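*Asks:* Sequence:
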Amino acid sequence: SHTMCHYKGYGPSCGYKVKGGLHKNDIMDAIEAHNYLRRRVAKGKFLDLLPAADMRELEWDPELSRIAQRWSDQCLVEYDSNRVTDRFKHNVGQNVFWSKEVNSSMVSAVATWASEVFKFMELDQ
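In case it helps, the numbering used here puts the sequence shown at residues 21 to 145.
Just so you know, the hints here were simulated from the structure itself, not pulled from any lab data. Take the hints with a grain of salt, since some may be wrong.
Only pairs whose alpha carbons sit at most 27 Å apart, straight line, appear in this in silico DSS-like list of lysine-lysine [what the hints assert, rightly or not]:
(1) 139 to 65
(2) 120 to 37
(3) 28 to 109
(4) 120 to 44
(5) 139 to 120
(6) 63 to 139
(7) 28 to 44
(8) 39 to 28
(9) 39 to 120
These numbers come from a predicted model, not from an experiment.
With the hints as extra help, turn the sequences into a complete structure.
*Replies:* This is the structure we're talking about:
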């Protein structure tokens, strides 16, 4: 059931095929934006959340990137079920971002993901 074993190429849901992947600058922008927010959360400076303990900075992982790209190539609006690796024995998280903007940035993607916290805050009340 692992994404890399189960899927070998583009899925039948894809209307057209576009070579995926991110440019090195996009990767750096995504990591920097995520870590900026993580530092704010860790210090208790993100909304009204309490400070976090032992919040590590994110690093880019090429293997997870390949798995994510393979899943993206299926063109399905859902999550895959198995993306563990030798390095990450437990299931890893996943964020999905779509935009109709041709020039949407990774910073805007991270901001969109960060805004999801409001959904959980509403459920908490």
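*Asks:* Quickly compare the C-alpha distance for residue 28 and residue 44 to 27 Å and report which way the hint goes.
*Replies:* 25 Å, holds
*Asks:* Does residue 44 sit within 27 Å of residue 120, going by the straight-line distance between their CA atoms?
*Replies:* Judged against 27 Å, a Cα distance of about 22 Å means the pair holds.
*Asks:* Can you confirm whether the C-alpha distance between residue 63 and residue 139 stays at or below 27 Å?
*Replies:* 22 Å, holds
*Asks:* Would the hint linking residue 39 and residue 120 be met if the CA-CA limit is 27 Å?
*Replies:* Since the Cα atoms of residue 39 and residue 120 sit roughly 17 Å apart, the hinted pair holds (cutoff 27 Å).
*Asks:* Would the pair residue 28 and residue 109 pass a check requiring their Cα atoms to be no farther apart than 27 Å?
*Replies:* This hinted pair holds, its Cα atoms lying about 22 Å apart.
*Asks:* Are the Cα positions of residue 39 and residue 28 separated by 27 Å at most?
*Replies:* Holds: residue 39 and residue 28 sit about 14 Å apart, inside 27 Å.
*Asks:* Tell me if the straight-line CA distance from residue 139 to residue 65 falls inside 27 Å.
*Replies:* 19 Å, holds
*Asks:* Would the pair residue 139 and residue 120 pass a check requiring their Cα atoms to be no farther apart than 27 Å?
*Replies:* Status holds; Cα separation ~23 Å.
*Asks:* Just to be careful, I want the Cα atoms of residue 120 and residue 37 compared with a cutoff of 27 Å; is the pair within it?
*Replies:* 16 Å, holds
Hint compliance for this structure: no hint is broken.
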